[in-house]
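Asks: Read off the chains here:
Protein chains: 2
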Amino acid sequence: MAMKCVGVDIGGTSVKLGLFEEDGRLLYKWEVKTRKEDGGSQILPDVAASIRQVLAQEGVSLDQVKGVGMGLPGPVLSDGFVEVCVNLGWHNMNPQEELSALLDGVPVRSGNDANVAALGEMWQGGGKGYKDLLMVTLGTGVGGGLILNQKMISGSHGLAGEIGHIHVRDEEREYCNCGGQGCLEQVASATGIAREARRKMASCDTPSVLRQYGDQVSAKNVLDAAKAGDALADEVMEVVCHYLGVVLAQISMTVDPEIFVIGGGVSKAGQYLVDRIRGHYEHFTPISKNKAKIGLATLGNDAGIYGAAKLILD
Amino acid sequence: MAMKCVGVDIGGTSVKLGLFEEDGRLLYKWEVKTRKEDGGSQILPDVAASIRQVLAQEGVSLDQVKGVGMGLPGPVLSDGFVEVCVNLGWHNMNPQEELSALLDGVPVRSGNDANVAALGEMWQGGGKGYKDLLMVTLGTGVGGGLILNQKMISGSHGLAGEIGHIHVRDEEREYCNCGGQGCLEQVASATGIAREARRKMASCDTPSVLRQYGDQVSAKNVLDAAKAGDALADEVMEVVCHYLGVVLAQISMTVDPEIFVIGGGVSKAGQYLVDRIRGHYEHFTPISKNKAKIGLATLGNDAGIYGAAKLILD
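From first to last, the protein sequence lines stand for chains U and E.
Under this note's numbering, think of the first position of the first sequence as 1, with each following residue one higher.
Under this note's numbering, think of the first position of the second sequence as 1, with each following residue one higher.
Hints are not guaranteed to be accurate.
Claimed, not checked - Not the full set, but computed from the structure, chain E residues with beta-carbon under 7 Å of chain U: (1) 156; (2) 165; (3) 246; (4) 290.
Simulated from the structure, these hints should not be mistaken for lab results.
Note that the Cβ used here is the ideal one computed from N, Cα and C, for glycine as well.
Working from the sequences, and respecting the hints, build out all of it.
Replies: Rendered as structure tokens:
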């Protein structure tokens with residue numbers, strides 16, 4: 001029987017898990033609740049118990065498992081040590097060593113969830129076939145994951161891929177969660193797009209289908225309206241894609257990936273979004289015709305379990 | 001007798017060469033003129049002849065040479081192929097294969113000169129002891145070289161480290177050499193600093209020691225005056241260091257190096273410059289206290305030959 005591996009994606013609300021063949025086939029996926037009480041001390045025992053239960057159900061013994069990979073919602077040092085993981089209540093622990101001990105010594109590796117998702121997209125998603133990619137996740141926030149030569153790059157202080165907090169707008173006066181002003185996340189996240197739309201509506205009298213939503217306008221409303229030709233929504237997306245284009249260009253002139261893979265809820269706008277970002281990216285990279293592709297993520301919420309499983313195969 | 005290696009740094013005016021011990025000791029350094037006639041076809045034969053002559057003079061035989069590393073003023077693909085090297089007149093050739101053939105098959109490796117200089121600073125210069133660094137060269141232009149895990153990162157299309165062409169200023173109307181507007185190089189190179197000073201003098205009546213230089217004001221004039229407390233020069237350096245801080249912060253949130261090493265003619269301003277850049281860098285990285293150091297390059301014009309020699313030891 002071929003060896004299997006398990007991918008675990010620990011989030012603040014639920015833990016996603018997947019049982020994989022080594023060739024990347026997902027055999028079974030499931031979820032458990034993230035129990036955050038008692039400083040998150042129940043999370044890893046819950047994960048271990050759930051893995052044991054599913055393996056039994058699937059007729060796989062622990063010694064047929066090559067290892068378990070794990071994505072965590074915070075910075076992870078190269079030896080797996082976690083100084084602090086706010087969303088889980090963890091402090092100064094090594095979750096990969098603890099989970100390994102709970103699973104009779106099965107090898108466990110871990111990484112930051114955004115980086116792990118990028119690895120998943122490289123392995124079996126929108127970045128399949130590429131070695132060097134940067135995944136941009138446009139969700140409630142803006143995240144990023146950098147892969148070079150097929151390996152996750154976490155950075156010297158766990159900051160690699162934190163592209164949501166790249167400063168792009170000098171005139172911004174509101175503060176970002178990070179404490180900065182003018183971060184990419186403040187304009188290009190779902191939250192940021194909605195805020196741009198509210199600001200734009202307040203600043204002009206241009207008629208727009210968005211006005212019916214008032215302060216409840218969402219990023220999806222904006223994208224749908226922009227696609228349908230609404231002038232105000234178009235102006236909002238022009239600003240959003242300008243800053244995304246600036247940042248992707250910066251990244252090309254820093255690490256020069258083969259491809260940018262765009263994921264997260266906002267990326268449901270599909271090729272329309274890719275084409276608009278691409279226009280601005282081209283504008284800010286006149287230095288060379290030969291540069292990165294821009295494509296869409298394809299694994300959705302499963303990117304994390306795929307990438308976590310891939311961690312153990314590297 | 002221990003093995004030696006040779007580092008070659010080919011520039012548009014001269015070729016710098018160095019004979020090294022494997023431990024990084026520079027035994028002998030010299031230069032030859034870069035003969036660019038006939039599409040640069042004489043350059044590599046000149047380099048090979050010069051290496052043979054110096055080896056003979058130093059009593060080193062070719063079979064005591066582990067290899068020759070070479071920095072080139074343009075993009076170099078991972079197999080050493082050069083599509084075009086404008087400054088040398090080269091098109092579609094593999095200089096490392098050609099030089100190896102001219103030296104009886106001694107191994108030759110090559111890379112872009114800015115990346116190679118960064119490798120040199122990591123090996124024996126301002127980045128010694130670090131594995132992940134980004135070197136910023138503030139000279140006539142602004143260049144960069146990225147090292148991750150002690151290896152040069154050239155990027156998928158040879159654009160990695162081209163940080164001088166990162167867009168930083170939306171309101172810039174003049175064009176950069178790359179065809180863009182608002183590149184870092186337009187404000188933070190020696191040329192850019194002088195231009196900022198000319199603009200500032202033209203836009204206000206603030207008295208300044210810089211006014212005696214008129215349109216001939218240099219970056220060195222500006223830095224000397226700023227250090228001496230000249231208000232106008234201080235405002236110029238505030239703008240320059242603002243954009244440098246923004247770009248270093250971007251780089252931290254993309255690849256997160258351990259250290260930035262600042263080199264090039266402008267870096268002769270020393271710790272004053274580092275401290276000012278650091279202030280702005282801190283401002284744009286509120287996300288974490290734990291982040292990159294900023295230091296000065298120490299090898300000057302020899303960084304290229306050191307890095308080239310290191311190429312062959314990796």
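Asks: Hint by hint, say whether it matches the structure.
Replies: Structure-based check of all given hints:
The interface hint given for residue 156/E holds, since its Cβ lies 4 Å from the closest Cβ of chain U, which is under the 7 Å cut-off. Below 7 Å, beta-carbon pairs count as interface contacts, and residue 165/E has one with chain U at about 5 Å; its hint therefore holds. Taken as an interface hint, residue 246/E checks out: its beta carbon lies about 6 Å from the nearest beta carbon of chain U, inside 7 Å. With a cut of 7 Å, the hint placing residue 290/E at the interface with chain U holds, because the nearest CB-to-CB distance is about 5 Å.
Hint check: no violations occur; every hint is consistent with the structure.
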